[in-house]
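Peer 1: In case you want the letters, here they are:
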Amino acid sequence: MSTWLLILGVGAGSLLLRASSLVLLRGRKLPDSVTLSLGLVPASVLAALIAPELLYARGTGAFDPFSPRLAAGLVAAAVAWKTRNLLWTLIAGLGLLLLLG
Amino acid sequence: MTELPTAPPRVPRSFWQGLRAFVPLIPGVMPFGMVAGIAAVQAGFSPAQSIAFSLIGYAGSAQLVASQMFGHTPTLLIVLATLIVNLRFAMYSASLLPLFDGVSLARRWLLAYGLTDQSYAVTMGRPASTPNPVAYYAGATALMWLTWQSGTAVGALLGARIPAHWPLEFAVPLSFIALLIPVLRSRPQVLAAGISAVVAVATYNLPFRLNLILGAVCGIAAGLLIQRWKGQAA
Numbered sequence: 001m002s003t004w005l006l007i008l009g010v011g012a013g014s015l016l017l018r019a020s021s022l023v024l025l026r027g028r029k030l031p032d033s034v035t036l037s038l039g040l041v042p043a044s045v046l047a048a049l050i051a052p053e054l055l056y057a058r059g060t061g062a063f064d065p066f067s068p069r070l071a072a073g074l075v076a077a078a079v080a081w082k083t084r085n086l087l088w089t090l091i092a093g094l095g096l097l098l099l100l101g
Numbered sequence: 001m002t003e004l005p006t007a008p009p010r011v012p013r014s015f016w017q018g019l020r021a022f023v024p025l026i027p028g029v030m031p032f033g034m035v036a037g038i039a040a041v042q043a044g045f046s047p048a049q050s051i052a053f054s055l056i057g058y059a060g061s062a063q064l065v066a067s068q069m070f071g072h073t074p075t076l077l078i079v080l081a082t083l084i085v086n087l088r089f090a091m092y093s094a095s096l097l098p099l100f101d102g103v104s105l106a107r108r109w110l111l112a113y114g115l116t117d118q119s120y121a122v123t124m125g126r127p128a129s130t131p132n133p134v135a136y137y138a139g140a141t142a143l144m145w146l147t148w149q150s151g152t153a154v155g156a157l158l159g160a161r162i163p164a165h166w167p168l169e170f171a172v173p174l175s176f177i178a179l180l181i182p183v184l185r186s187r188p189q190v191l192a193a194g195i196s197a198v199v200a201v202a203t204y205n206l207p208f209r210l211n212l213i214l215g216a217v218c219g220i221a222a223g224l225l226i227q228r229w230k231g232q233a234a
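Protein chains in written order, with my numbering: chain A, 1 to 101; chain B, 1 to 234.
Some clues are possibly wrong.
Using C-beta positions, here's what the derived DEER-type ranges look like [what the hints assert, rightly or not]: (1) A:Leu70 - B:Val11: 41 to 49 angstroms; (2) A:Ala57 - B:Leu76: 23 to 31 angstroms; (3) B:Arg10 - A:Leu87: 28 to 36 angstroms; (4) A:Leu98 - B:Arg228: 40 to 48 angstroms; (5) A:Trp4 - B:Asn132: 32 to 40 angstroms; (6) A:Leu87 - B:Leu55: 23 to 31 angstroms; (7) B:Pro47 - A:Arg58: 21 to 29 angstroms; (8) A:Leu70 - B:Ala48: 32 to 40 angstroms; (9) A:Ala57 - B:Leu157: 27 to 35 angstroms; (10) B:Ser104 - A:Ala78: 43 to 51 angstroms; (11) A:Thr60 - B:Trp16: 45 to 53 angstroms.
Far from chain A, some chain B residues (derived; all Cβ distances over 10 angstroms) [claimed, not checked]: (12) Val11; (13) Pro12; (14) Arg13; (15) Ser14; (16) Pro127; (17) Ala128; (18) Ser129; (19) Pro133; (20) Ala153; (21) Val154; (22) Gly159.
For the chain B half of the interface with chain A, some residues (derived, Cβ under 10 angstroms), not all of them [what the hints assert, rightly or not]: (23) Pro27; (24) Pro31; (25) Gly44; (26) Leu76; (27) Val85; (28) Ser93; (29) Leu111; (30) Leu168; (31) Ala178; (32) Ile181; (33) Ala192; (34) Gly194; (35) Val199; (36) Asn205; (37) Leu214.
Because the hints were derived from the structure by calculation, they are not lab data.
Computed from a prediction, not measured in an experiment: that's the story for all the values here.
Glycine included, C-beta positions come from ideal geometry on N, C-alpha and C.
Next comes chain A alone, as it looks inside the complex (with noise of 0.2 angstroms):
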C-alpha cells in the first residue's frame, strides 16, 4: 500500500515540477537574470550530481579522495572531452573501476 502512495506521490511531485514553467507560466516573459541563470543550471546540476558519487565510497558513505572511482571518473571525463561519445565515456570508466577494483 505505502509503496503504491510512494509511487503516485513521486509521480504527481514530478510532474508538477516539471509543468511549473510550461503549463502554469505560459505567455509570460521571464525577467533576464533568470534567463541568465537558467544558463548555469545545466552544469550546476550535473557537477552538484556527479562530484560527490566520485569521492564518496557506495554503502559506507565515507569520504574517499583515494576512491577508484575519483580516478575512473576523470579518465571518463577526458574520454568524454576527447570524443564527445557517451559509450566510449562508459566504457573508458566502467572498464577502469573494475581494473582498478
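Dock chain B against the given chain A, drawing on the hints supplied.
Peer 2: Leaving out everything else, chain B in the frame of chain A:
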C-alpha cells in the same frame, strides 16, 4: 518494396532530427534504466511496482534515491527527498519555456511529463538552424522515454540475478559526466560547475540530498557574479 517508408506529413522533420540526436545517448540511458529497475526490485518493490514507478515517476535519480531510502524512511519523507532531487526539473521547465510559444495546454502537459536531464540537454544542444525546437524536443523525449522504460522493465525482470559486485550503478554518474563536458563552453559555466561540485561535496551529509540543491544554487550564483564582473570589465 524498394522505398523507405516515409513519415506521415503531420510529423515535422525536426521531430526525427531530435530523435536521431538522442540515439548516441541510448547506450548510457539503457544501463541507467536497468540499474534503476534492478535497484527498485532489490529494495523490495515487486517487478510490476518497479515498472509502474518508472512509468509514473519517470525520474532516474529520484527512482534511485527512493530505492535507497525504501524500508528505512517514512513514505512522505521519501517523496519529499525525491522532489528535492527533482527540483532541477522546475529549472529546466523555466529554461525551455521560450521555445514553447503557441503550443496547446494538453500538449504542454504531455511534453512536460517527458522532461528529463537527457532530453533537456539534447534540446539545448540542438543546431541553431532547427526550425521547430518543440518538435525536436518531442523527438528526443519520445526516444528517451522508450529507452528508459524498456531499460527499467528489463532491469526489474532481471532483478536480483545480476551479480551485486558488477559496478553497473557507476554508469549513472558516468552518463552525467558525458552530459556535463559539452556544456562547459564558457568561463562562467566552468566556474559554476566547479563551485557547485565543491559545495555539493562539502555538504554531502545534509539530509534529503539537499547538498545537490545547495551546490547548484551556489554554482549558479558564482557563475552570475563572474558574468556581471566580466560585463563591467568589458
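Peer 1: All the hints need checking, so say for each whether the structure fits it.
Peer 2: Comparing the hints with the structure gives:
1. A:Leu70 - B:Val11: 41 to 49 angstroms: Hint holds: Cβ distance 44 angstroms, inside 41 to 49 angstroms.
2. A:Ala57 - B:Leu76: 23 to 31 angstroms: holds, 29 angstroms
3. B:Arg10 - A:Leu87: 28 to 36 angstroms: holds, 33 angstroms
4. A:Leu98 - B:Arg228: 40 to 48 angstroms: holds, 45 angstroms
5. A:Trp4 - B:Asn132: 32 to 40 angstroms: holds, 39 angstroms
6. A:Leu87 - B:Leu55: 23 to 31 angstroms: holds, 26 angstroms
7. B:Pro47 - A:Arg58: 21 to 29 angstroms: Holds, at about 24 angstroms.
8. A:Leu70 - B:Ala48: 32 to 40 angstroms: holds, 38 angstroms
9. A:Ala57 - B:Leu157: 27 to 35 angstroms: Once the Cβ atoms are compared, 30 angstroms apart, the range 27 to 35 angstroms for Leu157 of chain B and Ala57 of chain A holds.
10. B:Ser104 - A:Ala78: 43 to 51 angstroms: holds, 45 angstroms
11. A:Thr60 - B:Trp16: 45 to 53 angstroms: holds, 47 angstroms
12. Val11: Holds, because the least Cβ-Cβ distance between Val11 of chain B and chain A comes to about 21 angstroms, which exceeds 10 angstroms.
13. Pro12: holds, 19 angstroms
14. Arg13: For Arg13 of chain B, whose nearest Cβ neighbour in chain A is about 23 angstroms away, the distance exceeds 10 angstroms, so it holds.
15. Ser14: holds, 18 angstroms
16. Pro127: It holds; Pro127 of chain B is separated from chain A by about 15 angstroms at its closest Cβ, greater than 10 angstroms.
17. Ala128: Its Cβ never comes within 10 angstroms of chain A, the nearest being 15 angstroms, so this holds.
18. Ser129: holds, 20 angstroms
19. Pro133: holds, 13 angstroms
20. Ala153: The assertion about Ala153 of chain B holds, with a minimum of 15 angstroms to chain A.
21. Val154: holds, 17 angstroms
22. Gly159: holds, 16 angstroms
23. Pro27: holds, 4 angstroms
24. Pro31: Hint on Pro31 of chain B: holds, closest Cβ of chain A at ~7 angstroms, below 10 angstroms.
25. Gly44: holds, 8 angstroms
26. Leu76: At about 8 angstroms, which falls below the 10 angstroms cut-off, the nearest Cβ of chain A leaves the hint on Leu76 of chain B intact, so it holds.
27. Val85: holds, 9 angstroms
28. Ser93: Holds. Min distance 4 angstroms.
29. Leu111: The hint holds - Leu111 of chain B has a Cβ within 10 angstroms of chain A, the shortest such distance being about 7 angstroms.
30. Leu168: holds, 8 angstroms
31. Ala178: Nearest chain A Cβ about 4 angstroms off; hint holds.
32. Ile181: Hint holds; Ile181 of chain B Cβ to chain A Cβ min 4 angstroms, cut 10 angstroms.
33. Ala192: OK, holds: Ala192 of chain B within 10 angstroms of chain A, min 5 angstroms.
34. Gly194: Holds, about 7 angstroms.
35. Val199: holds, 7 angstroms
36. Asn205: Where the cut-off is 10 angstroms and the nearest Cβ of chain A is about 8 angstroms from Asn205 of chain B, the hint holds.
37. Leu214: holds, 8 angstroms
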